[in-house]
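For reference, the chains in residue letters:
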Amino acid sequence: MVKRTLLIAVTITTGLVILMGYFINLPALVSVRKIFLNWAIILAAVALLIGLINLIVVHARKIINKEPGSHYSLVLLVSLMVTAVVGIVSGPTSKMSQWIFNNIQIPIETSLMALLAVVLISAAIRFTYRRPTSFSLIFIFTTLIIMLGTVSNPWLNVSWLSELRLWITRVPVVGGARGILFGVVLGTIATGLRVLMGADRPYED
Amino acid sequence: MSIANLTPIDLVGALVGIFFTLSIFSYALGDNALFRLAIHIFIGVASGYIVVVTWFNVIWPKLILPVLEWENTTNDNLIVLVPLLLSLLLLTKLVPRLTTLGSPVMAFLVGIGVATAIGGAVIGTLFPQVIASINLFDFPTWDQNAGLFWILVIESSFILLGTLTALIYFHFGAHSHNDEPPQRTGWIELIARIGKFFIAITFGALFAGVLMAALTAFVERWNFILTTFLSVF
Amino acid sequence: MAGLLCDNCGAINSPGNQVCQHCQASLEDHLTQPEPISSDGDVPGQSQKFNSTGHLGFPVDDHLGSEGYDSGHKQSPLAELGDVIPIETVVEEISKPKPYSLKIRVTDAQRTNIRLLEKLTRTEAGSRPTPKTSNITTQHIIRILIMLFLILAISWPIFFDPPHLPLPAADSNVSSFSQHILSLPLDAPVLLAFDYEPGYASELDTSTTAVLDQLMSRNAYLTLVSTSTSGAIQAERAISIAEVKAARIYEAPTDYVNLGYIPGGATGLIGLSTGIRSTFPLSINGDQVWQSPALQDVNTPNDFNLVIVITDSSATARTWVEQVRPNLINTPLLMITSAQVEPLIRPYFDSDPAQVDGLIVGLAGSVGYETFTGRIKEASNLWGSFSMSVVAAAGLILFGGMVSAILAANKQGQDYPGGE
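Protein chains in written order, with the working numbering: chain A, 1 to 205; chain B, 1001 to 1233; chain C, 2001 to 2420.
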């Protein structure tokens, strides 16, 4: 009980200091806020490292226990070590680090994106396999208008398509997107206030 | 790109790039060993780079260096021991028996994260976008071409209609009457249907954007394969 | 078993004690001869009572308490017990216990249910081998066909006489974006955020190169940051590409500085907003940069002449607008984004007053920008293939969707003949 109260007190105190800094400009508040934010930035990086350590432990365990697929885990750990050592020894933006980035990370990630195009087209084709609703028809036709209105078409001179695309982007999309943004923002505020009032405690074990 | 202009290391890099590109594309034929190899190498490289960047940007300059330089600095740097202590407490999250020691640090991070999200949402989106919705009807040129004026009024009304109906679509409060399943009130349901129309258009535009971004990657990759093969062979 | 109650202190003593073990008072008065009980088991002058546990105990006197002890009278409870304890009652009670089977009685229906439950839990607990499926399914064939069709469409402008595909014109967005850069004084500090994943490099590198070319033409001092872990090296890569394409030399730390990665997402950005020097005490390469002439007056992002964010994510773009934009009083915020970000960032760009002062979107925006500046042709070289691929994709979706809908309608007709 005391522990839970302490945790809630920490959350509320730090939250209020940061939140008040958005609306009130007091020198003392500003300096405390700055200190808290610097600590949070450091701790966020440490949290990232914790995730990495967990990844290493999981894959190391797989290798030690000789589980199926452990050879892939070995490849992963070797790649991780080599990249980390090269980066730390030669520098994060050195030629060697850039070589690894340009010839391994970029081709793989870009190829995954390219594969996504095939998967998305396949999904869009199957979209009408179920009984089409008005929502799905509007969705598909908007997609087609935006795509065809963006590019040059060798067979059709459809300047009205690019005008329509521009109008759709400027008017109904802005209306819908603004409504979605308002919904997201109100949800963020509601969820955040629940945490700041101690009703939700995601930090508890 | 001509093979004559490539250094040996660049040539090796280009061939490595081709190998990984084709490994990933082989997924079209189904999951296979080459694809898995490429993915595991990718995860390893990305993770290794996270270690490098975190060390150079945070751990060394903000945690270790201030402590090493403590003697030469003013008393204010006593405060640099606090993030070091908090970081060590956070690391206890890795050990199941000690995990409760890291809870106060998590509470600290959650408090800051949540307050940042609320503050940004209110100051950065809510207030400015409400003002923008009001300013849709701020027509400074009342004596301009009447046709253009009325087009602007209709467009602005359409945008406002879309904003309000899309927002109301996300109201899911429902009541049940006479043992029927819960339903939204009639007028809310009608407004939500109009909002659904605007949301469908917005999502269609989003999907088109994602597809075009992916197609750009496809074009670039295929161009890379073609130009490398034509240069080398 | 009945004990001897001490009248002096109320303690219970074992039968046979003559002296109380607690207070040493004499217990002799409590020992008396019991009265005989009649054959029908009733003790004359006695009534049978249940004790507090509900068992039929030995007959006790009415005036006794629930414990069966007469603590207020000198006479012992045993005095009125009766002559003999009725043996029939005792024998009846002290009989051999009935044998009960240790086995549970289970009906056939229950047995069947138990077997089913055991089977379920057994299969859930252990891993099941994945059922063997055919290596090539319909989905694989469709994906391969889509891929081949796209490759054909992309290769057509490269290998064959390309059809006329006009480049998109530079619209007002492009010209106003460019104007913000051209109006910079020489050597002005500019903050550039590289917040995109390497997978989007193909879409964003081209516009980034064109913008960097213009910035370099103004001799702008570039300060590179990122909220993405791969952003720092992406930034170096972008500078290297721009140097080659624009035929310029830009060196660190005289012409630019790479500050590196800001952890924490929104928290990191609000930290950057309130104090860039405390967020980045050193550059990513460990250099002390804040004493340099270009950055000596810079304490917050508002002290830069321009802030440009390059991103592939609407969430990241929104976070920059929410956390950094409110603190930019005189400094414009420009964005170079992927096509997928445009719908959700448009409300910020179209708002009055605008929260995003300039926007370039996707490959089409890159081509427009290159057309406007007239120096680099990276995106323009890809435009023909890109246009054909998008037209091919749209055709596949339209044609494939119609076929899919017809197949679905036929299937429904076969499943429910007669329209039922």
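There could be a bad hint or two in this list.
[What the hints assert, rightly or not] A few chain C positions that, by computed beta-carbon distances, are all more than 12 Å from chain A:
1. I2012
2. V2019
3. R2115
4. R2237
5. I2270
6. T2279
7. S2292
8. N2302
9. D2303
10. N2305
11. R2346
12. F2372
13. K2411
[Said to hold, decoys possible] 30 Å max Cα-Cα, derived DSS-like pairs, lysine-lysine:
14. C:K2119 x C:K2103
15. C:K2103 x A:K95
16. C:K2119 x A:K95
17. A:K34 x A:K3
18. C:K2245 x C:K2103
[Said to hold, decoys possible] Listed next, the stretches of chain C that the computed footprint assigns to chain A, with coverage defined by at least 3 CB atoms under 8 Å from CB atoms of chain A:
19. 2105-2112
20. 2136-2143
21. 2181-2188
22. 2254-2264
23. 2331-2345
Keep in mind the hints are simulated off the structure, nothing from the lab.
Note that the structure is predicted; figures quoted are calculated from it, not measured.
The C-beta atom is built at its ideal place from N, Cα and C for all residues, glycine as well.
Right, here's what the structure says about each hint:
no.	hint	in the structure
1	I2012	holds (44 Å)
2	V2019	holds (54 Å)
3	R2115	holds (32 Å)
4	R2237	violated (6 Å)
5	I2270	violated (6 Å)
6	T2279	violated (7 Å)
7	S2292	holds (18 Å)
8	N2302	holds (15 Å)
9	D2303	holds (16 Å)
10	N2305	holds (24 Å)
11	R2346	violated (5 Å)
12	F2372	holds (17 Å)
13	K2411	violated (9 Å)
14	C:K2119 x C:K2103	holds (22 Å)
15	C:K2103 x A:K95	violated (78 Å)
16	C:K2119 x A:K95	violated (60 Å)
17	A:K34 x A:K3	holds (27 Å)
18	C:K2245 x C:K2103	violated (88 Å)
19	2105-2112	violated (count 0)
20	2136-2143	holds (count 3)
21	2181-2188	violated (count 0)
22	2254-2264	holds (count 5)
23	2331-2345	holds (count 4)
In terms of the numbered hints stated before, the structure departs from hints 4, 5, 6, 11, 13, 15, 16, 18, 19 and 21, listed from lowest to highest.
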